Amino acid sequence: MPKGAVAITAERCKGCGFCVEFCPTHVLELSNAFNAKGYHPPHVVAPEKCSGCNLCGMYCPDFAIFGFRLQENGQAKGVSK
Amino acid sequence: MTHADPRCVLTGTHFINGDAACCEGALAAGARFAAGYPITPSTEIVERFAARAPEVGGLFIQMEDEIASSIAIQGMVWAGQKAFTVTSGPGFSLMMEHIGFAAMTETPVVFVDVQRGGPSTGLPTLPSQGDMMQARFGSHGDYAIIALSPNSPQECFDLTVKAFNLAEEFRVPVMLMMDECVGHMTERVVIPPAEQIPVYPRRHTKKPPGEFRLFEPGEDLVPDMAHAGEGYKVYVTGLTHDERGYPSLSPAAQKKLVFRLFEKIRRAADRLVMVESDQLEGAEVVVVSYGITSRVALRAVQMARAKGIRVGTLRLICVWPFPEKLIRELAPKVKALVMPELNMGQVVLELERCAGGQCRVISVPHAGGTVHDPAEILAAIERGAQ
Amino acid sequence: MSTTDLQVHNPVEDLLRQDRIPTIWCPGCGIGTTVNSFAHALLKQDIDLNKTAIVSGIGCSGRVSGYMNLDSFHTTHGRAIPFATGLKLANPELNVIVYSGDGDLAAIGGNHLIHAARRNIDILVVCINNMIYAMTGGQAAATTPSGSLSTTSPYGSYEPELNLVQLVDAAGASFVARWTAYHVMQLERTLEKALKKKGFRFIEVLSPCPTYYQRKNNMGDALQAMLDYKKRSKIKHGCPTWETAIVPGGDIIVGEFVDREREDYLTRMRKQLGPHYSEFPPQWDEQESMGCSKEC
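So the protein sequences, as listed, match chains A, B and C.
Numbering-wise, my numbering puts 13 at position 13 of the first sequence, and it's gapless, one number per residue.
Numbering-wise, my numbering puts 28 at position 28 of the second sequence, and it's gapless, one number per residue.
Numbering-wise, my numbering puts 84 at position 84 of the third sequence, and it's gapless, one number per residue.
Heads up, some of the hints might be wrong.
[As the list claims (entries may be wrong)] To be clear about the criterion: a stretch of chain C counts as covered by chain A if any three or more of its residues have a C-beta under 8 Å from a C-beta of chain A, and this derived list gives those stretches:
1) 11 to 20
2) 36 to 47
3) 179 to 191
4) 232 to 245
[Said to hold, decoys possible] In silico SDA-like pairs for lysine to any residue, Cα to Cα no more than 25 Å straight-line:
5) B/LYS256 <-> B/ALA144
6) B/LYS207 <-> C/ASP48
7) B/LYS325 <-> B/LEU280
8) A/LYS77 <-> C/LYS230
9) C/LYS271 <-> B/ALA51
10) C/LYS230 <-> A/GLU29
Because the hints were derived from the structure by calculation, they are not lab data.
Keep in mind that this is a model prediction, so the values were computed, not measured.
All residues carry an ideal CB built from backbone N, CA and C; glycine is no exception.
Bound-form chain A, shown alone (with noise of 0.2 Å):
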């Protein structure tokens, strides 16, 4: 059971790989996919590292991911609307 998760708005994604580098625990690796606007958006590759730091969250400059803590219930912790 992982400590967080990540959310990902392709759409918005210009792939910059901000996200891929800057995660402590190599969650992400920018995807072979297409999104609409051409780029390459980040996938996650190690859903059982991720912490939910929300770092890279913090270092997108495009608003298209973010990270959350996850309860012992798979819940996501104090980000719901």
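Chain A is already provided as a structure; the job is to place chains B and C on it using the hints.
Same frame as chain A, now just chains B and C:
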């Protein structure tokens, strides 16, 4: 319309100059905030305002230049206040970009220009009317403004109040085009009781946030306003924008916005006409003038009448928008329109355009520095009467 | 796992005008990154967002005001600070933040920057320094490191660069700091601190411009610029600002340099005026003394 706040009005009869009268006019109109930069011959206005503002809970800030002054006042307006700035030729040139910004963002502000001889540093302590075209067209792009021209300290008071009221009503920058003579001339100025001074309140929207669109025009094509800090999350930009205020960089959005900025003034042009006329009926020559020149012209008119010439006078109190309809009607009835100005012939170009070849239009130019010799104007009247 | 399933929501989005996203910024532009730190700082400080105005000038960073769901003012080039000055003085209740770029604030608006700091106007200025005029196509700026290539310095810039933090410190700002777009967490903390403080507060944030500055100077892409910031940055809180010049390839000194107590403009004005200042509100009762109805 409401009326002036008695706490800001120095009701009574005063012996003050035009600059001081302008300051009192601004206070009466509800302006408690001003920004400016010292420049002769306008400085007395803000000197007085700096002393008076704390008495009414306002302030004057002397900015680092006229560019800063002309935008700081717009910040004051978007914070919910009435504000103005004061300058003369060189400073007026520096303010041009922000006249455009005020026109584009429909910010109700007043710019006072106490005109002095130009170009450049020119004649700092001597009069001119050389900024009249600049007032109308000085900023880049197309926009419409209102410009008033007082010819006495009393009118400096009255028209300053009027300038604020028009700025609020039409949400345009309004120029008060004084000149060194009027600014430094000391005369009797009667400031009426506050309840006799009409004040146009801010056109604040009655809609709650969420339902209100910042640049959605009313029937008179003028939008209502909301300020920063009221929960409306206003979006104000100098870019071409849509009714929400969001940038919209298309020819269609440009057309919609620019046409409206013009049309809101053009549509009210007849109502905005402010002239003072004498003996137009049956006149063979009409002297058209504004500001200090109108007082000099009066002497020439008296001399011409003594010689038996039927001369009428027309004084433009509101110069922009120009009283186009009035001139079109007048031109076919007279032999000539004579226009003395303390410049090389600026507003006369508009006069000529509106006269449309129906009569002679005689410009009496002057480089500035002093007023016309009435004999120069008389000679033009005599030429016109031939 | 989809966000709708989990009912999650990026808190930053509450501070953005959703209908204006995506932004116009290039891929890898650091401006958006700084906006995250700014948004989190605002949220954590529990500031009344209805009383918060953001003012920008012109340029890439000048677009920030328009993306924030606050009272947004996108003014003329270089004039965000004097506009903000007017806004703050006429309504002291507002939290006024200027968010703009180096060209806007330090070159065309340089005079206003100096004098707002000198007057200690109670505003927070966030200056995104990408070391170039980006919006207009990569021309040399006052902050472009000497010798750098740009579209108007094709042989390398001949001019020495301006050290903004030193300038603002000398002019008398209450709070002066510098971070880079890499320092997202530190920037957030500094912003939180600065939002609470009174007086003129200035935070410079170095940010990549991959399209112009990095590309023109063969410095790789935005990611490389971020890694370069990481490598070259030395955190030195309280460092004298005359020791913080940014030289090509050298250390980038970051941190909170100045934090001093100085009366801001309005506090000083009130104090000096004393009894001569009349508190104007409570409002004069308009209804009572109105000559005629508003509709007349």
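| query | Does the structure keep B/LYS325 and B/LEU280 at a Cα separation of 25 Å or less? | reply | 15 Å, holds
| query | Within the stretch 36 to 47 of chain C, is the number of residues with a Cβ closer than 8 Å to a Cβ of chain A three or more? | reply | Holds, because 3 residues of the stretch 36 to 47 of chain C bring their Cβ atoms closer than 8 Å to Cβ atoms of chain A.
| field | A/LYS77 paired with C/LYS230 [C-alpha distance capped at 25 Å] | value | 31 Å, violated
| request: Could you grab the alpha-carbon distance between C/LYS230 and A/GLU29 and see if it respects the 25 Å cut-off? | output: 21 Å, holds
| Are the Cα atoms of B/LYS207 and C/ASP48 separated by 25 Å or less? | Roughly 21 Å between the alpha carbons, so the hint for B/LYS207 and C/ASP48 holds.
| task | With a cut-off of 25 Å on the C-alpha distance, tell me whether C/LYS271 and B/ALA51 pass. | result | 16 Å, holds
| Proximity test - 8 Å, beta-carbon atoms, the stretch 179 to 191 of chain C to chain A, at least three hits | With 3 residues closer than 8 Å to chain A, the stretch 179 to 191 of chain C meets the three-residue bar; holds.
| request: Starting from B/LYS256, check that the Cα of B/ALA144 is at most 25 Å away, please. | output: Holds, because 15 Å separates the two Cα atoms, which is no more than 25 Å.
| field | Claimed coverage, the stretch 11 to 20 of chain C by chain A - three or more beta carbons nearer than 8 Å | value | holds (count 4)
| request: Examine the stretch 232 to 245 of chain C for residues whose CB is less than 8 Å from any CB of chain A, and state whether their number is three or more. | output: Our answer is that it is violated, as 0 residues pass the Cβ test (under 8 Å) against chain A, missing three.
Violation of the numbered hints given earlier is confined to hints 4, 8; the remaining hints are satisfied by the structure.
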